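Take a look at the letters that make up each chain.
Protein chains: 2
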Amino acid sequence: MSNQIRIGIAGYGNLGRGVEAAIAKNPDMALVGVFTRRSPESVTPLFPQAQVHSTSLLSEFRDVVDVLILCGGSKDDLPRQGPEMAAMFNVVDSFDTHARIPEYFDSVDAPARANGKTALISIGWDPGMFSINRLYGEALLPDGATYTFWGKGLSQGHSDAIRRVPGVKAGVQYTLPSSEAIELVRSGSRPELSTRQKHTRECYVVLDEGADAAAVEHAIVTMPNYFADYDTQVHFVSEEVLRREHGRMPHGGFVIRSGNTSEAHAQVIEYSLQLESNPEFTASVLVAHARAAYRLNQQGQYGAKTAFDVPPGLLSIKSAEQLRAELL
Amino acid sequence: MSNQIRIGIAGYGNLGRGVEAAIAKNPDMALVGVFTRRSPESVTPLFPQAQVHSTSLLSEFRDVVDVLILCGGSKDDLPRQGPEMAAMFNVVDSFDTHARIPEYFDSVDAPARANGKTALISIGWDPGMFSINRLYGEALLPDGATYTFWGKGLSQGHSDAIRRVPGVKAGVQYTLPSSEAIELVRSGSRPELSTRQKHTRECYVVLDEGADAAAVEHAIVTMPNYFADYDTQVHFVSEEVLRREHGRMPHGGFVIRSGNTSEAHAQVIEYSLQLESNPEFTASVLVAHARAAYRLNQQGQYGAKTAFDVPPGLLSIKSAEQLRAELL
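For the protein sequence lines, the chains are A and B, in the order given. Each residue of the first sequence is one higher than the one before, counting from 331 in the working numbering. Each residue of the second sequence is one higher than the one before, counting from 331 in the working numbering.
For the record, the hints were derived by calculation from the structure and aren't laboratory data. One thing to keep in mind: the hints can contain errors.
No copy is singled out in the list; a pair is fine if it fits within one copy or between any two copies.
[What the hints assert, rightly or not] DSBU-like mimics (lysine-lysine), calculated; alpha carbons at most 35 Å apart, straight line:
1. Lys-528 / Lys-648
2. Lys-355 / Lys-499
3. Lys-499 / Lys-648
4. Lys-528 / Lys-405
5. Lys-405 / Lys-499
6. Lys-648 / Lys-482
7. Lys-482 / Lys-405
8. Lys-528 / Lys-482
Computed from a prediction, not measured in an experiment: that's the story for all the values here.
Next comes chain A alone, as it looks inside the complex (with noise of 0.2 Å):
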């Protein structure tokens, strides 16, 4: 296909690999290439004829690269890298401290403005899909109440938390929604709930040799902020088993608005995503994103911009014609 939308990689850990992945399955792109901070030698990407660049290399390709992809972390990567990016090159990024997200707008905001840049923000499923139906469910039924639930799924940084306990030589933790919860939303009765009503988390540990069981699970349940407020529970398990059935990152969760749009009326709106890979998956939205930085940036529509700022109809393939015939 010529035309094709020309995108580059920037950092190949699991949700770059997905971006490789998800590019094969559009048509209309194509990919310019990886570029990452390892020795380019040392990256064997999905598919053989990929090239790989080093990231000092980038400003080299301002001109053969439509839309970056940027996937690094929130923590680190992104808030250096965002601004410098979205100077150069329309960018799409998945930075998800939803706290910071306001001042890393400005932060890439300015850049991309000064340069005819087109930076989307913040996309994947949360935030992005996401967030996107608590806005869809919020303007629908003003009167209304929306609920967020997570999981069943791998949480990376509560995994992180479990292993620095002291004992623990690996494990893994899932978030889990309380199904009765979810039941009592659906209801339409616009329960309040508490954060332990909400979800329960479970954790798969692997302890060092000699380690206090009784000491680490004690040390999980009560550590502040991640699991003192929740029902948790700790199961102790080899290695072996914990490489063999925990492996894979599973995720998804619910996001449902119940309202009233007349004292006898109430309606419910529900979004739900069930996941086998989260990482495969978020990629998988950053990519139909870069196809609607391009269309954005072709439109003149410089700056930062968020999910909530995409017509839907910029992330398909097909034309507005075709939609309108097709999907509508």
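For chain A, the structure is supplied; the task is to place chain B on it using the hints.
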């Protein structure tokens, strides 16, 4: 609130009444008036302060109505009214004859464009929110399949069809989605489903005095286009039961996208609605889109548009900054 968006309602049936109720839940909007083809004195609005005028006077309200919401039917009213009103007002309508949308779009686009107006057509939940979710599903999971299920819900068209059968005094029809089919789709297996496998139909019928029940049942279940391709159940009830138990207009349904981001990983996206009142929910969607139509017009985006052209943020009463801080 000053600077409210000034709304007119053209047509005052169930949908028009729903729009009146929805405006009252959106503090940035004000109702200018209800416009009816009936004698204005014969119309009793929900709120006593609402003004009722004759449709024939609409052109006199060009300067005081920011958006006119068209609440007529898709068969007889909108094909005539849509193009005519789009030459004078920003409009929003719920044109829902899927096959004729491209033609209707063109008929509204030309007068709207020529007069600097914005016309949002085919807004509601299907077409509308379900369409948006079919689009998102396809764009996010290009290697996949989309399934739309409707119900449990009262179908106006099928209820009308029943009432035309000789021997039927009154009746309603419910469309029911098959829960087995939904579970199969949710499993990610991408089944091929026949019409008969996806939905069943349930009819509650009041017979004319002396009518032959078996003949009526046969006429219903074999009716081409409406019932012949479905498993249909017919229940005979008294007028009293029909009025008491089947007077509401519930509806809803599911849009499910099942796809793979890699051979190893299936992903499922699901959007569902559970509506106690179909017309009130549709009305609420129209009102949120009236806000977007007004804003698109302010931006100079003239002509016909659909739900695919509306950035989600324009539907919300909140500013872009507030949305980023609160909902992203």
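How the hints compare with the structure:
1. Lys-528 / Lys-648: Result: close only across copies, 27 Å inter versus 39 Å intra.
2. Lys-355 / Lys-499: neither (38 Å within a copy, 55 Å between copies)
3. Lys-499 / Lys-648: neither (49 Å within a copy, 47 Å between copies)
4. Lys-528 / Lys-405: Answer is within; shortest intra-copy Cα gap is 27 Å, inter-copy 46 Å.
5. Lys-405 / Lys-499: within (24 Å within a copy, 68 Å between copies)
6. Lys-648 / Lys-482: both (33 Å within a copy, 31 Å between copies)
7. Lys-482 / Lys-405: within (24 Å within a copy, 46 Å between copies)
8. Lys-528 / Lys-482: both (12 Å within a copy, 28 Å between copies)
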